[in-house]
Amino acid sequence: MPVSSLQKRIITSLLLVAALTTALIMGGNVLTGGLAIFCTIALHEFYAMFWQDRSHLASRILGMAAGAGIIMTSAAVSPVWMLLIMLGAFWLFNLRFLFSFSAKPDQAAYHDSLVLFAGLVYIPVTMQFMTSMNSWEILFVLLAASSSDTAAFYAGTFFGKKKIWPQISPKKSWAGSIGGFAGCILCCTVYGLFFGHAPVLYWMLLAAMLNIGSQMGDFFESALKRKLQIKDSGKILPGHGGVLDRIDSLVLALPLYVLARQIHAFF
Numbered sequence: 001m002p003v004s005s006l007q008k009r010i011i012t013s014l015l016l017v018a019a020l021t022t023a024l025i026m027g028g029n030v031l032t033g034g035l036a037i038f039c040t041i042a043l044h045e046f047y048a049m050f051w052q053d054r055s056h057l058a059s060r061i062l063g064m065a066a067g068a069g070i071i072m073t074s075a076a077v078s079p080v081w082m083l084l085i086m087l088g089a090f091w092l093f094n095l096r097f098l099f100s101f102s103a104k105p106d107q108a109a110y111h112d113s114l115v116l117f118a119g120l121v122y123i124p125v126t127m128q129f130m131t132s133m134n135s136w137e138i139l140f141v142l143l144a145a146s147s148s149d150t151a152a153f154y155a156g157t158f159f160g161k162k163k164i165w166p167q168i169s170p171k172k173s174w175a176g177s178i179g180g181f182a183g184c185i186l187c188c189t190v191y192g193l194f195f196g197h198a199p200v201l202y203w204m205l206l207a208a209m210l211n212i213g214s215q216m217g218d219f220f221e222s223a224l225k226r227k228l229q230i231k232d233s234g235k236i237l238p239g240h241g242g243v244l245d246r247i248d249s250l251v252l253a254l255p256l257y258v259l260a261r262q263i264h265a266f267f
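Count the sequence shown with the numbering used here and you get residues 1 to 267, in order.
Rather than coming from a laboratory, the hints here were simulated on the basis of the structure. Certain hints may be false.
Now the in silico label distances, taken between C-beta atoms and shown as ranges [stated by the list, open to error]:
no.	residue 1	residue 2	range
1	Phe-158	Gly-27	31 to 41 angstroms
2	Gly-33	Ala-103	35 to 45 angstroms
3	Phe-195	Asn-29	20 to 30 angstroms
For glycine and all other residues, C-beta sits at the position ideal for the given N, C-alpha and C.
Start from the sequences, fold in the hints, and give me the full structure.
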């Protein structure tokens, strides 16, 4: 019997939850290594969206290696090493442009170097914040992103008529956006009251901020895919698309949470 798209989505979600639970329980190098692998795959998908043929192979490998290095060094040693990797990658990309311009001025494009560096900031630099967070914080931010997506999906499916931003994402509706906002506030507030230490209003404000970040991160990737005329960032996750499709709402919510905890310790 063929498996429906929704069934594939549910099965994949359960497997991802199982993998995440294992990584959080084991912690340490297992969590860091899993995060590095996850980010490397997402970086590969990001670069493949811009270079849809087999070109720029050396640049892709360099970018993915730098991304993995950012995750590993941010967890294991001083953040100075992460910054050095960023600067090293930046100048390697710039020198790549320099030599390509010297050889073929008419074909050299600095755009390629910008794409390589943007991928590092977009994915591993953002995701490395997880290496400084405890399990309760990681689960909280993941809950914010996933509850926003899930509540928006079902609210939009059953009640969505008026589209919220059709130029960017033709399927997303006002009902889905409002449903995701309400679902995120409810789930995050309950979670925070059980496992954290902050007043109810603080949890509600934090959840609202993370939901807005999640939605804008989702819209950004949607705009990027529409500009590049692709449907999904990849096919590695049945029912979900690519890894980048799964973390598009997380990459803005995560730094927003880190910003918020500089003001108040929630866990």
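*Holds or violated: 35 to 45 angstroms for the Cβ distance of Gly-33 and Ala-103?*
Cβ of Gly-33 to Cβ of Ala-103: about 38 angstroms, so the range 35 to 45 angstroms holds.
*Is the hinted range of 20 to 30 angstroms satisfied by the C-beta distance from Phe-195 to Asn-29?*
holds, 25 angstroms
*Does the hinted range 31 to 41 angstroms hold for Phe-158 and Gly-27 at CB?*
Since the Cβ atoms of Phe-158 and Gly-27 sit about 39 angstroms apart, the hinted range of 31 to 41 angstroms holds.
Checked against the numbered hints given earlier, the structure satisfies every one of them.
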